[in-house]
Amino acid sequence: MRAFTTLLTYPVIALAAAIAPRDGPVPDEPWTAGVWRQPTTDDVFFVGDAINASGGKFWVNKNTTAYCPTDNGVDCSAYNGSRTVFAGGIDTLSLAVLAPSGQQVYIAVDGSLSYTTEHSAGLPDGAVATGFTRTQSESFGAPLVLGHSGDSWLICPVSDGEPRERTYQLYVGHSDKEGCLSTGIRTYTSSVDAYAYL
Numbered sequence: 011m012r013a014f015t016t017l018l019t020y021p022v023i024a025l026a027a028a029i030a031p032r033d034g035p036v037p038d039e040p041w042t043a044g045v046w047r048q049p050t051t052d053d054v055f056f057v058g059d060a061i062n063a064s065g066g067k068f069w070v071n072k073n074t075t076a077y078c079p080t081d082n083g084v085d086c087s088a089y090n091g092s093r094t095v096f097a098g099g100i101d102t103l104s105l106a107v108l109a110p111s112g113q114q115v116y117i118a119v120d121g122s123l124s125y126t127t128e129h130s131a132g133l134p135d136g137a138v139a140t141g142f143t144r145t146q147s148e149s150f151g152a153p154l155v156l157g158h159s160g161d162s163w164l165i166c167p168v169s170d171g172e173p174r175e176r177t178y179q180l181y182v183g184h185s186d187k188e189g190c191l192s193t194g195i196r197t198y199t200s201s202v203d204a205y206a207y208l
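Numbering (our numbering) for the sequence shown: 11 to 208.
Think of the hints as simulated: they come from the structure by calculation, not from any bench. It is possible that part of the hints are untrue.
Simulated restraints on C-beta separations [said to hold, decoys possible]: (1) D38 - L208: 25 to 31 Å; (2) S87 - D52: 17 to 23 Å; (3) D53 - T140: 33 to 39 Å; (4) G189 - G65: 18 to 24 Å.
Ideal placement from N, C-alpha and C gives every residue a C-beta, glycine not left out.
Generate the whole structure from the sequences, applying the supplied hints.
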């Protein structure tokens with residue numbers, strides 16, 4: 011019986027060690043983000059599907075839109091804007107871009123996660139640009155997760171089709187859209203990929 015108990019105890023201890031919180035600072039390099047959804051009441055799941063910037067908002071299943079001016083001496087072949095890359099996540103959040111003015115990420119009054127255009131530091135009335143957190147999770151593998159002041163993340167469909175193939179817009183805390191799904195957001199170390207996002 012003692013041998014059987016020992017065989018059961020060691021795997022449990024190993025599993026507990028694997029999911030314990032990891033100490034240490036969160037990396038401050040630029041990062042990409044993806045939605046993670048383990049459904050409880052439906053069968054729509056996402057496993058790191060990329061969050062992309064386009065038209066001042068953030069999307070799942072929609073391509074990033076970015077540009078790089080060819081007359082500024084930057085090697086645009088190295089910054090094609092195929093990925094959306096973020097910076098920060100400790101109170102404030104921005105897009106990781108080469109443009110000197112930067113691009114601030116904020117939450118619009120309607121709850122949509124949004125960003126400023128290049129050369130525009132102004133935020134619309136009622137926008138919230140603080141309260142973001144990027145922390146190491148206690149989940150298996152200790153992923154880095156993005157949060158905002160305890161608010162929930164929502165992805166809301168803006169197209170028809172199969173649930174995993176629809177285009178979704180990202181919201182924080184609330185939305186007046188129908189069919190929204192709650193989700194989590196994980197982050198992954200990356201590098202700057204765009205001069206600016208459109």
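Which of the listed hints are not met by the structure?
2
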